[in-house]
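Engineer: Single-letter residue listing:
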Amino acid sequence: MHKHYGRESEFLCAEPEGSRPAESGGATSEPGVWLFVLGDMILFALLFLSYAWDYKDNYEMFRSGQAQLDQNIGLINTLLLLTGSMSVVIGVGHARKSRLRIVTYCLIGAICTGVLFYANKIHEYYHEISVGNTMTKNMFFMYYYTLTLIHLLHVSVGIGVLTFLACRLNKLPRDGRLVNYIESGGAIWHMVDLLWIALFPLLYLIPVSPF
Amino acid sequence: MGITIISWWLGHGHDFAKFAPVSLTTAILALTFFKIRLVIIHFMEIGHAPAALRAPFELWCVTVCGMLIYAFARITGSV
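Residue numbers (my numbering), protein chains in the order written: chain G, 1 to 211; chain V, 1001 to 1079.
Next comes chain V alone, as it looks inside the complex (with noise of 0.2 Å):
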């Protein structure tokens, strides 16, 4: 919840000039799939399953995560 609340806090428009959007978003996007990746392993108890289950789901996170990240990058104009 204290991350959700940050995300919104740094998306919210509040005075954060010294930062580059880039930088922000990135910043947004990495603790929302750190936030999921909580979820996954803690509330779906993924973390102690087999790694035959486990692995799909770290994938998904890391993947998309990534071209995410790569793909606002592109929108924010530093790729």
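Just chain G, same shape as in the assembly (with noise of 0.2 Å):
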């Protein structure tokens, strides 16, 4: 095995030149990957101020919708998807030095806090429906529904892009391409934890109560 990843670190060495250009820095070189991400960010920000907007005109509903979110759930999601990017960055950072097999525990730990951010999601929509809040309830609930639905299909294509490169990384180009498939990889990943990074608190904390 030390051989066979030896061999790889010769092939990612021979990086052939202008493949990384130097001036992106450490981010990924891939344009359409920027494009996709800042477009699903503008997406995302309109629909956070559609909520805020429409909080105003509908305190006392979208008030006492919020009350009935479990906040516990909110927050150990929230670390979940940190763990998880903090485990793509470690994966980003061992691939450049050519360690692949870390890199593939790095990106399987990574798929692992969005397959239980998955799960408690699942259990979270379980409860809610179980006490009659679906979707057609009122408008806090279909704003719920809406926001966490869209976030919940990019973890899956997260989770999708992450578990690719994980069963691909033997069978990727040998070159300055491979960093550049997981730092991309990586980028999508860190889009999907910083969206909820953000809807956390607007979904589950605030406006924080007059007391």
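For the record, the hints were derived by calculation from the structure and aren't laboratory data. Values in this document were obtained by computation on a predicted structure and should not be read as measured data. A hint or two may mislead.
[Unchecked claim] Simulated coverage check for chain V against chain G, where a stretch passes if three residues somewhere in it have a Cβ under 8 Å from a Cβ of chain G:
#1 1028-1034
#2 1050-1062
#3 1067-1075
[As the list claims (entries may be wrong)] Which residues of chain V face chain G? A partial, calculated answer using Cβ under 7 Å:
#4 Met1001
#5 Pro1021
#6 Leu1024
#7 Thr1025
#8 Val1039
#9 Phe1043
#10 Met1044
Note that beta-carbon positions come from the ideal geometry of N, C-alpha and C, so glycine has one too.
Both chains are given apart, each in its own frame, so use the hints to dock them into the complex.
Structural biologist: Have a look at this one:
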């Protein structure tokens, strides 16, 4: 096995010139990935602002809906995605040093946090639906399900990308492109994480009630 | 992770009677977007990226955070 990874190291060291432009810094140099990430962030920003605006006009409804959500589940999900992001960051670092086996472990770690996030969310949906809080109940729950389901779709895409990378790591081209692929997968995963970082306080924590 | 715990603690209904709700809400939003910026700069490694790539992310953080603080200040009756 060591010999195998040693050979991969040689391939990665023999990175074609110009495959990773120096001016891109550490960030992935795939413009398509950044367009996708920024486009999604703008879409979510519009949804966040729409939610905040409707909150003002339907204060009591949003307030009582929010009070029925379990903040601890939101907190656990935030910590899970942050752990997954950290795992991807470590994986990218090892990819640059050609330690592909550790990269695989890091990707699997991030996938596990995504699956746990998924399980936690399904558990939360099951609880909310069982007490009658369905999407059609009121505007708050319409926002709650829309925002979290769109985000869950992104989690699915993120898990899919990371699973693809983990499974195909040894079959990907052995040059600078491999690091680019890992960085691109990482950027998508970090976007999933940062969108949830914003969703958690919006849906579960704020505005803080007057005392 | 520490910032997440602090945000959860602030929004969890502890006894912060001496602080106005708008201050606590603004503090949670500011901490949230500070954390998002940390993810963008350090995890996505945008901190070392060219200005043309970094600028839209910085603009996104400032604009969305500012507009949400304004929108929630309207809710808590401060604007």
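Engineer: Honestly, which of those hints from before does the structure not fit?
Structural biologist: none
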